[in-house]
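Enquirer: Sequence:
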Amino acid sequence: MTLRASANGIEIAYDTFGSPGNRPLLLIMGLASQMIHWDEEFCELLADRGHHVIRFDNRDVGESTHLHEAGMPAFDGRAPYLVEDMADDAAGLLDALGLESAHVAGASMGGMIAQALAIRHPHRVRSLISIMSTPSPQAAPPTEAATAVLMAPPVTDRETAVRRALETWKVIGSPGYPFDAERTARLAGLSYDRAHDPAGVARQLAAIMASPDRAPGLKELTVPALVLHGEEDQLVPLSGGIATADAIPGARLVTYPGMGHDLPRPLWPRFVSEIGDHTAAAER
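So the sequence shown is numbered by our numbering: it starts at 321 and just counts up by one.
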């Protein structure tokens, strides 16, 4: 069941898995991706490892607040908001849930938000897990093929949205693992039904491009950090994960051959094991 909380001046849609008495784990998804892209089964596996899992829709996607009044960004170096503002949304959600702190895992743009949260609100982050992310776009420029799918014109109907998702994930997904077309199509259709807002996605992209390099702030962190990255990522190449791990003192980098810019199901047990071991060690 989707719940709602007021945070940082907006409404955030979220849901949870596992016992509230377990280690809190906040999951932050990436560009254009709604909380449903953290698969329910994956969340249940994390809950089984002793986590109280919280996933949510970032601003401008899904059922959280869409800043329609901000319009379509001009991509002129400015943006209606920055990654740092989205990090403040996450901190506000922790406030609304009565959580002083949580373990924070972010994927892609979600990793950028998680990094910014740790920098801006270090006391709120028990440990950081940065997945297929980067301190800045300059540290990990996408390949030409990935740029082409990222900048494709917006779709205007559900059928085309599903087809576009299949085309996109075939390019940026994991070449070393079977492509799950059925799951990809199902998520694309469900995402379209929950909220279709190309201008909102564009505002998120503008935020990524306009936000400052986080590497200087990451160098000051003292929280335990785990960096997970695919070795075949075309959208945020491995250099982004290396740059993240290099910037954070004591961070541990784990890379996966054959993994692109997604979370392939065959790797879920390994992700869950790494994250569970990491958060448990951080608690100790």
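Do not take every clue at face value.
[Unchecked claim] Taking lysine to any residue pairs in the SDA-like style, the calculated list, with each CA pair at most 25 Å apart, reads: (1) K490 <-> L510; (2) K539 <-> M529; (3) K539 <-> K490; (4) K490 <-> P462; (5) K539 <-> L470; (6) K490 <-> A600; (7) K490 <-> A602; (8) K539 <-> P340; (9) K490 <-> D500; (10) K490 <-> L525; (11) K539 <-> H441; (12) K490 <-> S421; (13) K490 <-> E360; (14) K490 <-> P569; (15) K539 <-> P442; (16) K490 <-> E552; (17) K539 <-> M471; (18) K539 <-> E360; (19) K490 <-> D533; (20) K539 <-> R478; (21) K539 <-> P518; (22) K539 <-> E594; (23) K490 <-> L402; (24) K539 <-> I528; (25) K490 <-> L470; (26) K539 <-> V521; (27) K539 <-> A501; (28) K490 <-> M471; (29) K539 <-> P589; (30) K490 <-> D513; (31) K490 <-> D477; (32) K490 <-> A501; (33) K539 <-> E361.
[Said to hold, decoys possible] Distance ranges between label pairs, derived from CB positions: (34) H388 <-> P340: 27 to 37 Å; (35) R604 <-> E479: 49 to 59 Å; (36) D415 <-> T476: 29 to 39 Å; (37) S339 <-> R398: 38 to 48 Å.
Derived from the structure by calculation, the hints contain no laboratory data. It should be emphasised that the depicted structure is a prediction, and the values quoted were computed from it without experimental measurement. We treat Cβ as the ideally placed atom computed from N, Cα and C, and that holds for glycine.
Enquirer: Please go over all the hints and tell whether each is borne out by the structure.
Expert: Status of the hints after comparison with the structure:
For the given pair, K490 sits about 19 Å from L510 by alpha-carbon distance, which is consistent with the 25 Å threshold. The suggested pairing of K539 with M529 holds, with an alpha-carbon distance near 21 Å, which does not exceed 25 Å. With a C-alpha separation of about 35 Å, the suggested pairing of K539 with K490 is violated against the 25 Å cut-off. At most 25 Å may separate the alpha-carbon atoms for a hinted pair to count; K490 and P462 meet this at roughly 15 Å.
For a cut-off of 25 Å, the pair hint linking K539 to L470 is broken: about 30 Å separates their Cα positions. At most 25 Å may separate the alpha-carbon atoms for a hinted pair to count; K490 and A600 exceed this at roughly 35 Å. This hinted pair does not check out: K490 and A602 have alpha carbons roughly 36 Å apart, beyond 25 Å. Simply put, K539 and P340 have alpha-carbon atoms about 32 Å apart, too far for the 25 Å limit, and the pair is violated.
Between K490 and D500 the alpha-carbon distance is near 10 Å, which keeps this suggested pair within the 25 Å criterion. For the hint pairing K490 with L525, the CA-to-CA distance comes to about 21 Å; that is within 25 Å, so the pair holds. Restraint check for K539 and H441: satisfied, since their Cα atoms lie roughly 15 Å apart, inside the 25 Å limit. About 37 Å separates the Cα atoms of K490 and S421, which puts this hinted pair outside 25 Å; it is violated.
Restraint check for K490 and E360: the C-alpha separation of about 22 Å stays at or below 25 Å, so the hint holds. This hinted pair does not check out: K490 and P569 have alpha carbons roughly 35 Å apart, beyond 25 Å. Of the supplied pair hints, the one linking K539 and P442 holds, its CA atoms being roughly 13 Å apart against a limit of 25 Å. The hinted pair formed by K490 and E552 meets the criterion: a straight-line CA distance of about 13 Å does not exceed 25 Å.
Only pairs whose Cα atoms come within 25 Å are accepted, and K539 paired with M471 is rejected, the gap being roughly 32 Å. With a C-alpha separation of about 34 Å, the suggested pairing of K539 with E360 is violated against the 25 Å cut-off. Between K490 and D533, the direct Cα distance comes to roughly 29 Å. Violation of the 25 Å bound is thereby established for this hinted pair. Note on K539 and R478: the hinted pairing is violated, with a Cα-Cα distance of about 43 Å set against a maximum of 25 Å.
Proposed proximity of K539 and P518 is contradicted: the alpha carbons are some 35 Å apart, above 25 Å. Straight-line distance between C-alpha atoms of K539 and E594 comes to about 23 Å, which keeps the hinted pair within the 25 Å bound. Taken as a hint, the K490 and L402 pair is broken in the structure, with Cα atoms around 29 Å apart against an allowance of 25 Å. Straight-line distance between C-alpha atoms of K539 and I528 comes to about 20 Å, which keeps the hinted pair within the 25 Å bound.
About 13 Å separates the Cα atoms of K490 and L470, which keeps this hinted pair within 25 Å; it holds. For the suggested pair K539 and V521, the alpha carbons sit about 30 Å apart, so the restraint of at most 25 Å is broken. Proposed proximity of K539 and A501 is contradicted: the alpha carbons are some 40 Å apart, above 25 Å. Taken as a hint, the K490 and M471 pair is honoured in the structure, with Cα atoms around 16 Å apart against an allowance of 25 Å.
With a CA separation close to 30 Å, the supplied pair K539 and P589 exceeds the 25 Å bound. This hinted pair checks out: K490 and D513 have alpha carbons roughly 22 Å apart, not beyond 25 Å. Distance restraint check for K490 and D477: the Cα-Cα separation of roughly 20 Å lies within the 25 Å cut-off, and the hinted pair is therefore satisfied. With a C-alpha separation of about 9 Å, the suggested pairing of K490 with A501 holds against the 25 Å cut-off.
Restraint check: the Cα-Cα separation between K539 and E361 comes to about 34 Å, which exceeds 25 Å; the hinted pair is violated. Checked against the given bound of 27 to 37 Å, the beta carbons of H388 and P340, roughly 34 Å apart, stay inside it. At about 51 Å, the CB distance of R604 to E479 agrees with the hint of 49 to 59 Å. The hinted range of 29 to 39 Å is satisfied by D415 and T476, whose Cβ atoms lie roughly 38 Å apart.
For the pair S339 and R398, the supplied restraint of 38 to 48 Å holds, since their beta-carbon distance comes to about 44 Å.
Figure legend: structure checked against the earlier numbered hints; hints not met, in rising order: 3, 5, 6, 7, 8, 12, 14, 17, 18, 19, 20, 21, 23, 26, 27, 29 and 33.
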